[in-house]
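Engineer: Residue numbers (the working numbering), protein chains in the order written: chain W, 1 to 300; chain Y, 301 to 442.
There could be a bad hint or two in this list.
What the hints assert, rightly or not - Derived CB-CB ranges, DEER-like:
1. Y:M307 - W:S159: 26 to 34 Å
2. W:G248 - Y:Y323: 36 to 44 Å
3. W:S159 - Y:S377: 23 to 31 Å
4. W:H22 - Y:P338: 41 to 49 Å
5. W:Q115 - Y:M301: 22 to 30 Å
6. W:D179 - Y:M301: 19 to 27 Å
Calculated directly from the structure, the hints in this document are not laboratory data.
Only a predicted model underlies this, so the values are computations on that prediction, with no experimental measurement involved.
All C-beta atoms, glycine included, are put in the ideal place defined by N, C-alpha and C.
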Amino acid sequence: MGQIVDVNDLSRSFGPKNALDHVSFSAGDGQVFGLVGANGAGKTTLLKHLLGLLRAQSGSVRVFGRDPVRDPVGVLSRVGYLSEERDLPEWMRVDELMSYTQAFHPTWDASYARQLLETFALDPSRKVKELSKGMRAQAGLVAAVAHRPELLILDEPSSGLDAVVRRDILDAIVRTVADDGRTVIFSSHLLDEVERMSDHVTMIHNGRVTLSGPLDDVRRGYQRSRVRFVESFDHPPALEAALAMEGGGRTWNVVHSGSLEQFRHSVLALGGEVVESRDATLEEIFLARAGRNRQQVEVA
Amino acid sequence: MDITINMADGVPIYRQIVNQVKYLVASGLLQPDEELPPIRTLALQLKVTPNTIVKAYGELEISGVIHKRRGAGTYVSEGRQQMARRERQRIIEQRIDALLAEAHQLNFTADDILQMVRERRAAMESGTSVEPTEVRRSEWDK
Chain W
1 MGQIVDVNDL SRSFGPKNAL DHVSFSAGDG QVFGLVGANG AGKTTLLKHL LGLLRAQSGS
61 VRVFGRDPVR DPVGVLSRVG YLSEERDLPE WMRVDELMSY TQAFHPTWDA SYARQLLETF
121 ALDPSRKVKE LSKGMRAQAG LVAAVAHRPE LLILDEPSSG LDAVVRRDIL DAIVRTVADD
181 GRTVIFSSHL LDEVERMSDH VTMIHNGRVT LSGPLDDVRR GYQRSRVRFV ESFDHPPALE
241 AALAMEGGGR TWNVVHSGSL EQFRHSVLAL GGEVVESRDA TLEEIFLARA GRNRQQVEVA
Chain Y
301 MDITINMADG VPIYRQIVNQ VKYLVASGLL QPDEELPPIR TLALQLKVTP NTIVKAYGEL
361 EISGVIHKRR GAGTYVSEGR QQMARRERQR IIEQRIDALL AEAHQLNFTA DDILQMVRER
421 RAAMESGTSV EPTEVRRSEW DK
């Protein structure tokens, strides 16, 4: 497997804020990489470094073995990018946007572009500024994939879109990987979308990578158990390896790591039993790791 | 191919695909020599990364459920009977596990359950089968 992206110990601050804090990230070819994290966690900042839109303050960034700031042409001609704001030139018509983009990409596949515009029912003579939010995303998507890039970068591609356009985006990811064996890096706050589409997942929290690896490895070792106690608890009882607890009174849902056997013992020690257990979903792991609902108590 | 991905129950997606293809084969909905959809097609249908399909097909191939023909796609293997026996057993075992868990919650032992299974079968075979709930209600009425 060839290495496409290699980010090593990258740090970046904006004023006093550490946007990226010693981040390392790598991506090989033929795989989909999902980037998850709360708004402002640093996902977009990381992606902008890959595109050479930001210069590394410390650490290094290599895409196809090149520095995207020093060799923008060598990198960007082989990359497709859909930004979160989908900042397309407003005054252009859709067909002008296509020929404008084509000019930067010698590998542009005009018949593929035409086919996608037809699939999306996008009128080439419409002005970009007249397009709806969904149509804008579709036009941006065509511009990002029609040169059949070796690396496709999508920043929150599903953000604010309806189900139909979201499906178009996911199809584009599948095709990029299945047809050409290319690499996709996308960020999303839709955890089930990331779980469906990613081979690897990286979680970023406050500018740091908190979890990263093949999806199956990341998910292994996290479980969600329903626990019932004899006595009632007003606050989540202290359980070994518990990352997040929800519930109240005698029944609690717990996301935990480590072995199930060990967890059963710690529940038993508090006079409870594990009623059922299953593998945790990526969303449950993410919320547990982000520490969001650790303190959250709902009285049942 | 009729496969549904459930994102709520925490089962890895490749595992859901493996289980459902095995089920389709065991139940005869997929026949020996029938062709499975190409990786790209199934990935587009299910909206999952193509590598997940690769992984699922790989696992199904190792367990002898399907095989690849050089340059000609992926097919359901012969010798379904033996596999089906194991699959059928797995399906029943899942039901038994659920039954035992429920029985435990309701304070029945495994022996109680065995006894009840025999009684239910006897009731069915004698043709005097009565709705279980009605049996219980009439007993309470005594």
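Engineer: Output the indices of the hints that this structure fails to meet, ascending.
Structural biologist: Going through the list in order, the structure violates hints 1 and 3 and respects the others.
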